[in-house]
Every structure is written in structure tokens, then in C-alpha cells.
Amino acid sequence: MHIQEAKRTLGTEISWLCDTMTNDLKHAIGDASNSEYVLDPQGKIVRMRNWSQPAVLRKDLETLVGPVSRPTQIADLNMKVEPPPKNAPTGIVPRLKLEAKQYLPLKTQVQVAKSKHPFYAKLRAEADLAVLRTGKGKVYLGFFLDPLYQVHWNNQVAPVQYEIAAPKGMSVSPSKAMGPKVKEPSDADPREFLLEVDRGKSTEPLPMKLHYYACTDTWCTRVTQEYLVSWEPDRDGGWRLESGQLDPREFTSRKP
19 MHIQEAKRTL GTEISWLCDT MTNDLKHAIG DASNSEYVLD PQGKIVRMRN WSQPAVLRKD
79 LETLVGPVSR PTQIADLNMK VEPPPKNAPT GIVPRLKLEA KQYLPLKTQV QVAKSKHPFY
139 AKLRAEADLA VLRTGKGKVY LGFFLDPLYQ VHWNNQVAPV QYEIAAPKGM SVSPSKAMGP
199 KVKEPSDADP REFLLEVDRG KSTEPLPMKL HYYACTDTWC TRVTQEYLVS WEPDRDGGWR
259 LESGQLDPRE FTSRKP
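The sequence shown begins at 19 in the working numbering and counts up by one.
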């Protein structure tokens with residue numbers, strides 16, 4: 019699904035290589051997010067750099083393959099760039115204001131076997147440095163709708179609700195909460211919560227359930243899904259998109 023959506027929005031005709039869901043390729047190349055490699059027909063790496071440099075790459079290709087009389091320009095590609103689907107309004111629900119440098123993403127695990135639905139809502143969990151160092155502090159939970167499924171929150175029914183059954187010796191507050199009541203009939207903003215956690219001596223993962231309605235313009239269904247949050251930082255977690263920041267997908271619909 020991800021590759022098909024990338025082809026649609028970027029309008030490319032080249033073959034795509036996609037990393038695994040566990041980021042095996044990313045780890046193999048040293049977690050360099052904008053690295054650059056040139057491979058020969060035998061699969062041997064003949065050029066490698068940690069950060070992509072288009073001008074240098076062009077010189078590499080001239081050395082390896084030979085110069086061309088007329089380099090391909092973007093206009094020559096005739097790409098039909100499509101904007102990402104707009105399923106529901108955003109910017110309706112205020113975002114939580116957090117100091118990004120004070121929080122680290124945590125590894126989470128979806129309990130796929132316990133759900134008959136796709137995980138329309140993706141969980142992003144973060145812990146402040148105090149939780150990771152002392153076991154006591156704040157934990158951020160953000161539930162983000164996956165745009166690939168083109169669903170929205172239905173604000174005309176019960177709001178999003180999570181519940182946590184903290185392991186023995188661990189306290190979480192609030193252990194149960196509902197999202198905001200929104201006047202707009204639907205939206206696609208994340209539902210965010212900030213919790214106080216005291217892990218005590220426990221290293222057990224944090225189990226939670228999320229109850230929500232996933233809806234499109236033609237159907238609506240009640241969903242209950244479960245997640246496990248570990249206390250191990252996720253080096254593949256990237257960063258949380260703050261309010262006012264551009265969604266990287268929006269660049270596909272922008273012209274220079």
C-alpha cells in the first residue's frame with residue numbers, strides 16, 4: 019500500500035525498493051536517513067556517502083558511465099504529481115505543546131491478533147527523560163490516523179477513549195481518558211494525551227486499549243484495538259510532527 023501511494027502521489031514510473039517494516043535496510047546502512055549509494059551491475063557498492071549530494075553524484079556518474087550531452091531535467095519527466103488525499107479537515111483540535119528535546123519515542127507493539135480491523139490509528143508513545151532515568155515522569159500518547167486508509171474521526175458519536183491496565187507496582191494517571199468533544203462533524207487531527215507515570219521497579223510493558231470510530235463517507239465502524247508500550251527508546255521513531263509544521267507529504271503538491 020505504501021509503495022502504491024508513493025507512486026500515485028509522486029507520479030514516478032521507476033521501480034521502487036522498499037525497506038522492511040522492521041527497517042532492516044536502514045539499520046544495515048548505519049541509520050543514515052539521506053545516504054547515497056551507487057551499485058554496479060554485480061551489486062558491488064562503487065560510491066557511498068552519508069549525505070546525498072546531487073552535484074557530486076552527477077560527477078560520479080560521468081566517471082562511472084560517461085557524460086551525457088543533455089542531462090534529464092525535471093520537466094522532461096512529465097510527472098503527474100498528486101496531492102495526498104484530504105479525508106477530513108485538520109487544524110481543528112489544538113495540539114499539545116511539548117519540548118521535543120525532552121521526550122524520546124518508545125517502541126510500541128500492536129496486538130494484531132486481537133483485532134479484526136486494520137490499525138487505522140497509529141500510536142506514537144514518548145517518554146520524558148525523567149521516566150527513562152528514574153522511572154517517574156511524563157509519557158505522551160498520540161493516536162494518528164493512517165492516511166493510507168482514508169478514514170476520519172466521527173465527532174457525532176462517543177469520543178476516542180483509551181484505557182490502561184498498569185502492571186503491578188506501576189501507577190499511571192489518568193489510566194483512562196476520553197478525547198475532546200469537537201463541534202466539527204469530522205476531523206483527522208491526532209488525539210493526544212499526557213500521562214504521569216511512576217514505574218517503581220517494574221520493567222513490564224504498558225498495555226492499553228483504544229476505543230474509537232473509524233469512518234469514511236460511506237461507512238463507519240466501532241473499533242477496539244490494543245497496544246503494548248515498552249520502555250525501550252525507538253531509534254527508528256523519528257520525530258513528532260508539531261502543530262504548524264509541514265507534513266512531508268505536502269511537498270509533493272508544492273511547486274518551487
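Accuracy of the hints is not assured; some may be wrong.
List time: in silico BS3-like cross-link candidates among lysine-lysine, alpha-carbon distance up to 27 angstroms [as the list claims (entries may be wrong)]: (1) K115 <-> K186; (2) K156 <-> K104; (3) K115 <-> K25; (4) K201 <-> K125; (5) K125 <-> K62.
Across the chosen pairs, the derived CB separations fall in these ranges [as the list claims (entries may be wrong)]: (6) I92 <-> D235: 28 to 36 angstroms; (7) S33 <-> R88: 18 to 26 angstroms; (8) R65 <-> E214: 49 to 57 angstroms; (9) K219 <-> W69: 17 to 25 angstroms; (10) Q22 <-> E181: 33 to 41 angstroms; (11) V175 <-> P89: 19 to 27 angstroms; (12) Y55 <-> P107: 34 to 42 angstroms.
The set of hints was computed from the structure by calculation and includes no laboratory data.
A virtual CB, placed ideally from N, CA and C, is assigned to each residue, including glycine.
Going through the hints against the structure:
The straight-line distance between the Cα atoms of K115 and K186 is roughly 31 angstroms, outside the 27 angstroms bound, and the hint therefore fails. The suggested pairing of K156 with K104 is violated, with an alpha-carbon distance near 33 angstroms, which exceeds 27 angstroms. Our distance criterion of 27 angstroms between C-alpha atoms is broken by K115 and K25, whose separation comes to about 34 angstroms. Distance restraint check for K201 and K125: the Cα-Cα separation of roughly 34 angstroms exceeds the 27 angstroms cut-off, and the hinted pair is therefore not satisfied.
A threshold of 27 angstroms between alpha carbons decides the hint, and for K125 with K62 the separation of about 34 angstroms lies outside it, so the pair is violated. Evaluation of the 28 to 36 angstroms hint for I92 and D235 yields a pass: the beta carbon distance comes to about 35 angstroms. Judged by the Cβ atoms, the range 18 to 26 angstroms given for S33 and R88 holds: they are separated by roughly 24 angstroms. Here the CB-CB span from R65 to E214 is close to 51 angstroms, well matched to the stated 49 to 57 angstroms.
One distance hint, 17 to 25 angstroms for the beta-carbon pair K219 and W69, is violated here, with the actual separation near 43 angstroms. Distance hint check for Q22 and E181: the Cβ-Cβ separation is about 35 angstroms, which falls inside the suggested range of 33 to 41 angstroms. With their beta carbons about 55 angstroms apart, V175 and P89 fall outside the hinted range of 19 to 27 angstroms. Between Y55 and P107, the C-beta spacing of about 41 angstroms keeps the proposed range 34 to 42 angstroms intact.
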